[in-house]
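A.B. asks: Just need the whole structure built from these sequences, with the hints factored in.
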Amino acid sequence: VDEYQDTNLAQYAIVRALSIDHPNLAVTGDPDQSIYGWRGANIHNILEFEKDYPEVTVVRLEQNYRSTPRILHIADCLIKNNSKRLKKSLFTENEDGPPVRLATYATQKEEAEEIADRIVAEVDSGHRRFRDYAIFYRINALSRSIEQVFRERGIPFQMVNGVEFYQRKEIKDIFAYLQLINNPRDDVAFLRIVNVPARKIGNVTVDRLSEYARSHGLPLLEAARQASQIESLSKAAGGNITKFVSLIDTFSEVAHGAVEATIGHILSDTGYRDLLIESTNPEDQDRLANIEELLTDANEFDMQNPGAGHLESFLEERALVNDTDAFEGEADRVTMMTLHAAKGLEFPSVFIIAVEQGLIPHERSLPTGLEEERRLLFVGITRAERELQLSLTQLRSFRGSVNRVVPSSFLMELPRSEMDTVEPAQSYSYQPTDDFYQDDEYEEEVFEQRESDSKSQPFGIAGITTATAIFSQANDSEQQSADDLPNVDPGVFKIGMPVIHPEHGPGKVVALSGSGKNRTATINYAAGAGQRTVVLKHSPVRPIGS
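Heads up, the final residue of the sequence shown is numbered 546 in the numbering used here, and it's a clean run with no missing numbers.
In short, the hints are calculated from the structure, not lab data.
Incorrect hints may have been included.
Said to hold, decoys possible - Keeping only pairs whose Cα atoms sit at most 20 Å apart, straight-line, the calculated PhoX-like set for lysine-lysine is:
{"no.": "1", "residue 1": "508", "residue 2": "494"}
{"no.": "2", "residue 1": "517", "residue 2": "537"}
{"no.": "3", "residue 1": "537", "residue 2": "494"}
{"no.": "4", "residue 1": "109", "residue 2": "80"}
{"no.": "5", "residue 1": "235", "residue 2": "172"}
{"no.": "6", "residue 1": "88", "residue 2": "51"}
{"no.": "7", "residue 1": "87", "residue 2": "51"}
{"no.": "8", "residue 1": "51", "residue 2": "84"}
{"no.": "9", "residue 1": "235", "residue 2": "200"}
C.D. replies: In structure tokens:
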């Protein structure tokens, strides 16, 4: 049995049953590379193999033929912090190679540009080919900034086990709304979204509407305005179509403003965001991250194009991106993929971006899945043959918000004195404004810390220890504050309600979304903290007077 560390309960039971009648069993696996617990893999299957089969012979394959000693040392320093593992120490007879780089950048744009510069310089010098490079990230939404810079520079790349940002279903759905708003005659966009999210407009209704449009020479949206006159439609079907038309008209009225605001209305008013927030499907959580990242993309566009009425330009630029995506060029390309997809592969030079708290380790993994997150980073590190760079930023625009970054706690476990540390060219200070959406998936204590009393002290490499200490203290203090205050039912919050936060002070609820444990509130704070969206169940925010 290969990859035994990734077996689930059913597979374990099958192997166990077969071995009763046929006690000749050989398995291979590495507990340090068990990274699929989220889909049922149980690391205890391999950790307890010797208990299940007491007469087993264990052969440890500790010599590594891929990576340099420096890369293996970094990996070993990281993974030895896990308690659920079989002790081993990797070694290699390869040359030392260059030191592992630990780079801090001011923003993710600087991160992407520096990576692009390094790759182009090495390729132009003849030392490397594009296919020698790989860029890893924890979740797919992080790829957008790298994709954008690579397109601008003409650097060929490919996505492995993933879809390029603008080709993802949820992004295409939102773009279809924008396209229909911009061009009411766009029947392709109409057909894509008329029942997305589901609004009881089935295929039969769409077929009858389409037939009416053809017979009267009308675009579908214009035909939909006449739904009450279409005899083949039931009263209920006609009513549902009329509601959809009203929704599009509402979006058209706000589309003369900022693109980010238009997308925000679409996500909220259609219920698209709520469906993803309330879903327990991990894939839907990734989709939620992607649509929030689309808000970041739109915000960046708005900042570059101040004023109103730029929706058409936004769509034109993204259409050019999609044309580029469809081009099939040469096979010599930089590879981009998630850390999960990287398992089993190897590259001469590897960049792992966004090594930041809340991303790696991922916020949904804390605290129970911390060891698997550490194994995931270990897998990424050990994909590198000769060159490895880990990077983080001081500020990251992500999922529609700009946040001060907390370096990954895993960086504290690495021998930084043995690494080549790179400081940013300049440090940024940032105070959020009403223009930015706050990520509604982050636990409150994570992004509260980012705006703590450390905000005047940029997180450079030299400040990583301080950042980690602050992170720990903030978690402790926030937890204490939450425990000392009485629980507030998320259902009591209303739009317009004055509230107070222990860190940000007074504010007002301007929007609500979701229900129960997933209920979120968007709050405008009066003291310069800007607009933030929080998950109420995890937030110390309270109605004033409670």
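A.B. asks: Measure nothing beyond the straight line between the CA atoms of residue 235 and residue 200; if it is 20 Å or shorter, mark the hint as holding.
C.D. replies: holds (12 Å)
A.B. asks: Just to be careful, I want the Cα atoms of residue 88 and residue 51 compared with a cutoff of 20 Å; is the pair within it?
C.D. replies: Holds. Residue 88 to residue 51 sits at ~18 Å (cutoff 20 Å).
A.B. asks: Going straight from one Cα to the other, do residue 235 and residue 172 come out at no more than 20 Å?
C.D. replies: With a Cα-Cα distance of about 31 Å, the restraint between residue 235 and residue 172 is violated, given a limit of 20 Å.
A.B. asks: Can you confirm whether the C-alpha distance between residue 109 and residue 80 stays at or below 20 Å?
C.D. replies: violated (33 Å)
A.B. asks: Could you grab the alpha-carbon distance between residue 537 and residue 494 and see if it respects the 20 Å cut-off?
C.D. replies: Status holds; Cα separation ~15 Å.
A.B. asks: Mind checking the alpha carbons of residue 508 and residue 494 for me, to see if they're no more than 20 Å apart?
C.D. replies: Holds, at roughly 10 Å.
A.B. asks: Residue 87 and residue 51 were given as a pair; does the straight-line alpha-carbon distance stay at or below 20 Å?
C.D. replies: The hint holds at about 16 Å.
A.B. asks: Keeping to a limit of 20 Å between CA atoms, is the pair of residue 51 and residue 84 held or broken?
C.D. replies: holds (15 Å)
A.B. asks: Verify the proposed pairing of residue 517 with residue 537, using a straight-line Cα cut of 20 Å.
C.D. replies: holds (6 Å)
Violated hints, in rising order: 4 and 5; the structure is consistent with all others.
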